[in-house]
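Start from the sequences and build out the full structure, keeping to the hints where you can.
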Amino acid sequence: MSLHTIVLVKQVPDTSNISGDVMRPDGTVNRARLPAIFNPEDQEALELALRLKDKHGGKVTALTMGPPNAANMLRECLYMGADRAILVSDRRFAAADTLATSYALHKAVHRIGDYDLIFGGRQAIDGDTAQVGPQTAEKLGIPQITYTLDVQKLDLKKKTVRAKRAIKNGYEILEAPLPVLLTVTKDAAEPRPFDVRRLCTYKRAQSRFEIEATVDDSHDLVWMDELMEKVKADDLLIETWNIEDIDADVQWCGLAGSPTKVHKVENVVLSGAEFKKVPATSDGLNDMITDLMQDHIFG
Amino acid sequence: MNSKLKDMVWVFAEQTDGVMADVSLELLHKARTLAEKMKSQVSAVLLGDKIEGLSETLFAHGADNVYLLDDVELKDFRSMPYANLITNLVEEKRPRVVLFGATHIGRDIAPRVASHTRSGLTADCTELKIETLTIRKVQHEDLLLQIRPAFGGNIIATIISPDVEIQMATIREGVMEMGEPDASRKGTIIPVKVELDPVEVAVKIIEKHQEASSVNLKGAPIIVAGGYGADTPEKFQLVKDLAKVLGAELAGSRAAVDAGLISSERQVGQTGTTVRPKLYIAIGISGAIQHRAGMQESQKIIAINSDAEAPIFQVAHYGIHGNLTEVIPKLIAAYKSQLH
Numbered sequence: 001m002s003l004h005t006i007v008l009v010k011q012v013p014d015t016s017n018i019s020g021d022v023m024r025p026d027g028t029v030n031r032a033r034l035p036a037i038f039n040p041e042d043q044e045a046l047e048l049a050l051r052l053k054d055k056h057g058g059k060v061t062a063l064t065m066g067p068p069n070a071a072n073m074l075r076e077c078l079y080m081g082a083d084r085a086i087l088v089s090d091r092r093f094a095a096a097d098t099l100a101t102s103y104a105l106h107k108a109v110h111r112i113g114d115y116d117l118i119f120g121g122r123q124a125i126d127g128d129t130a131q132v133g134p135q136t137a138e139k140l141g142i143p144q145i146t147y148t149l150d151v152q153k154l155d156l157k158k159k160t161v162r163a164k165r166a167i168k169n170g171y172e173i174l175e176a177p178l179p180v181l182l183t184v185t186k187d188a189a190e191p192r193p194f195d196v197r198r199l200c201t202y203k204r205a206q207s208r209f210e211i212e213a214t215v216d217d218s219h220d221l222v223w224m225d226e227l228m229e230k231v232k233a234d235d236l237l238i239e240t241w242n243i244e245d246i247d248a249d250v251q252w253c254g255l256a257g258s259p260t261k262v263h264k265v266e267n268v269v270l271s272g273a274e275f276k277k278v279p280a281t282s283d284g285l286n287d288m289i290t291d292l293m294q295d296h297i298f299g
Numbered sequence: 300m301n302s303k304l305k306d307m308v309w310v311f312a313e314q315t316d317g318v319m320a321d322v323s324l325e326l327l328h329k330a331r332t333l334a335e336k337m338k339s340q341v342s343a344v345l346l347g348d349k350i351e352g353l354s355e356t357l358f359a360h361g362a363d364n365v366y367l368l369d370d371v372e373l374k375d376f377r378s379m380p381y382a383n384l385i386t387n388l389v390e391e392k393r394p395r396v397v398l399f400g401a402t403h404i405g406r407d408i409a410p411r412v413a414s415h416t417r418s419g420l421t422a423d424c425t426e427l428k429i430e431t432l433t434i435r436k437v438q439h440e441d442l443l444l445q446i447r448p449a450f451g452g453n454i455i456a457t458i459i460s461p462d463v464e465i466q467m468a469t470i471r472e473g474v475m476e477m478g479e480p481d482a483s484r485k486g487t488i489i490p491v492k493v494e495l496d497p498v499e500v501a502v503k504i505i506e507k508h509q510e511a512s513s514v515n516l517k518g519a520p521i522i523v524a525g526g527y528g529a530d531t532p533e534k535f536q537l538v539k540d541l542a543k544v545l546g547a548e549l550a551g552s553r554a555a556v557d558a559g560l561i562s563s564e565r566q567v568g569q570t571g572t573t574v575r576p577k578l579y580i581a582i583g584i585s586g587a588i589q590h591r592a593g594m595q596e597s598q599k600i601i602a603i604n605s606d607a608e609a610p611i612f613q614v615a616h617y618g619i620h621g622n623l624t625e626v627i628p629k630l631i632a633a634y635k636s637q638l639h
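Residue numbers (this note's numbering), protein chains in the order written: chain B, 1 to 299; chain G, 300 to 639.
Certain hints may be false.
Stated by the list, open to error - Partial selection, computed: residues in chain G whose CB lies under 8 Å from chain B:
1) 379
2) 389
3) 411
4) 459
5) 462
6) 501
7) 504
8) 505
9) 507
10) 511
11) 577
12) 634
13) 637
It is worth saying that the hints were derived from the structure and are not from the lab.
All values reported here derive from a predicted model rather than from experimental measurement.
Glycine included, each C-beta is placed from N, C-alpha and C at the ideal position.
The structure is reproduced here in structure tokens:
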């Protein structure tokens with residue numbers, strides 16, 4: 001049997017680099033101002049999948065749901081070694097919470113068809129929820145191994161995988177039947193650099209949106225179809241699926257399919273502690289320590 | 300117990316090898332506050348093998364009922380049997396609120412339960428409230444306000460799930476306060492039949508290694524923490540020196556962990572441990588909300604920072620604007636001189 005691994009990836013705003021003009025006066029975040037990056041743990045998940053492919057052969061498919069510009073991240077997946085890249089994108093997916101996201105992803109996995117393993121990062125840095133992986137596994141009706149630190153053994157004959165999972169103050173080794181979904185924690189696998197030859201080839205890979213953008217009004221729809229076929233024949237197509245393509249029910253997608261709603265967003269209000277400015281001098285520090293000793297904080 | 304009250308607020312009672320997780324007990328105390336507002340009872344959902352004895356602890360911390368799922372297959376935690384059994388119970392009894400600790404276990408199963416029951420689920424809440432809200436002229440009773448920092452901790456979001464019956468949340472250990480247990484409280488044990496399909500127990504545990512942690516941030520009366528401003532081994536050594544002199548536990552912000560200066564089990568903040576010591580000394584920590592969320596309940600806070608505008612000063616009781624390489628030696632000298 002040939003191994004097929006699907007990796008769930010997400011392009012995220014780089015929340016570790018938030019500067020002043022990213023926050024709007026009303027306290028909301030202007031996402032457009034943040035650089036979009038490959039979610040770090042998803043990149044490690046792809047690395048783990050590629051290592052299994054290096055060892056056992058087979059194919060790796062990168063799957064994302066996101067806006068059209070998530071094609072940038074999918075090209076990076078191709079540069080690293082993914083065989084196939086799929087962009088699930090449709091305005092009707094907008095404002096999806098984790099439940100609506102996992103619904104769409106599991107429908108896309110159904111369309112992909114046979115698979116042995118699904119990898120994903122433990123969580124994305126823009127939400128830190130760690131919910132999409134387990135919710136996708138639940139919708140697919142398959143087991144999961146969260147907080148994966150390492151894949152130790154894949155037995156394609158017995159159709160089992162052994163993985164090391166982080167637990168509180170330790171780890172456990174689990175053996176799961178295939179197919180199974182694994183979410184990968186930080187530092188599980190240092191992502192490989194881009195392969196230069198793959199980069200030269202796949203920098204020309206295009207999503208449907210990007211192909212459409214190259215077609216101007218003077219061309220007709222037939223021309224568009226021909227162009228798509230040509231890009232596909234060259235193996236440079238980032239497959240682009242909408243709601244109909246994955247046979248999803250609109251009522252479970254996007255905002256409508258999301259039970260959680262943002263009720264209120266506030267700027268962080270700092271608690272006004274009684275504040276003493278302490279001069280950075282021996283006298284100043286001495287006074288502070290006297291204060292703390294009187295309050296029985298020390299001793 | 301007043302049996303006329305509804306059974307609407309549930310807490311997943313997480314145990315490992317017969318020891319209750321602190322976070323579950325913390326959540327029971329919070330659940331009591333929520334339940335009073337909803338005029339509801341509080342129930343704990345306890346899974347494991349030969350763990351009935353833990354029920355007394357759950358009653359003492361605020362549970363009125365314990366749903367007891369006791370079976371040898373549940374001895375060690377595994378996702379599928381745990382998640383599926385809780386799902387079945389939630390579907391049958393339909394509580395309004397289900398709370399889980401945001402642990403390696405709670406964050407593993409809560410999404411599966413929420414997915415199957417199509418419930419709203421918010422991760423890592425820092426505050427929970429019950430309110431009645433009118434949204435587009437429709438009145439929603441007993442809404443769970445799920446409050447958490449969002450977007451890298453730059454904002455505080457209040458999440459609600461107004462259109463579904465079941466509202467779920469995970470909460471990190473230490474965020475809610477554990478009240479005093481009341482050993483005289485009594486409750487009802489409700490045994491639940493455990494039936495599992497072979498497919499549900501197909502994942503096997505081959506090995507398990509767990510050590511008692513040598514780090515006890517939660518129990519430490521004094522914590523000295525370093526951050527981005529102490530990002531060289533030389534500077535961080537000064538932070539360690541101060542911790543040693545004060546007999547304090549050493550901690551750090553995410554930046555210190557990312558720089559490899561301390562282990563992640565010493566990280567304080569939203570993604571680390573939440574602490575409330577008698578004294579917290581933040582050195583070279585700017586005070587991003589992720590970090591503040593983990594320490595702002597400390598009794599006294601000293602901030603040492605070279606940036607006078609650092610937000611950490613706004614939660615500090617004592618602010619020292621200066622270079623840590625100069626301030627720490629002076630601070631150590633001042634402390635030592637007062638000991639004699």
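Was the hint right that residue 504 (chain G) lines chain B, CB cutoff 8 Å?
holds (6 Å)
Tell me if residue 411 (chain G) is really an interface residue toward chain B, meaning its C-beta lies closer than 8 Å to one of theirs.
holds (4 Å)
Double-check residue 379 (chain G) for me: the hint is only fine if its C-beta lies closer than 8 Å to a C-beta in chain B.
Because about 5 Å separates residue 379 (chain G) from the closest Cβ in chain B, which is inside the 8 Å limit, the hint holds.
Quick one, is the residue 577 (chain G) hint okay against chain B at 8 Å, beta carbons?
Holds. Min distance 5 Å.
Using 8 Å as the Cβ threshold, decide whether residue 511 (chain G) counts as touching chain B.
With a closest approach of 7 Å, the residue 511 (chain G) hint holds.
Hold the hint about residue 637 (chain G) up to the distance rule: shortest CB distance to chain B must be less than 8 Å.
With a closest approach of 5 Å, the residue 637 (chain G) hint holds.
For the restraint on residue 507 (chain G), tell me whether the closest CB of chain B is nearer than 8 Å.
holds (4 Å)
With a cut-off of 8 Å, does the beta carbon of residue 459 (chain G) approach a beta carbon of chain B closely enough for the hint to hold?
holds (4 Å)
Does the interface hint hold: is residue 501 (chain G) within less than 8 Å of chain B, judged Cβ to Cβ?
For residue 501 (chain G), the interface hint holds, since the closest Cβ of chain B sits about 5 Å away, which is under 8 Å.
Could you check if residue 505 (chain G) really has its C-beta closer than 8 Å to a C-beta on chain B?
With Cβ-Cβ at 4 Å, under 8 Å, it holds.
Against chain B, run the beta carbon of residue 389 (chain G) and see if the smallest gap drops under 8 Å.
violated (13 Å)
Restraint satisfaction for residue 462 (chain G) [CB to CB of chain B, less than 8 Å]:
holds (6 Å)
Violated hint for the displayed structure: number 2, the only one.
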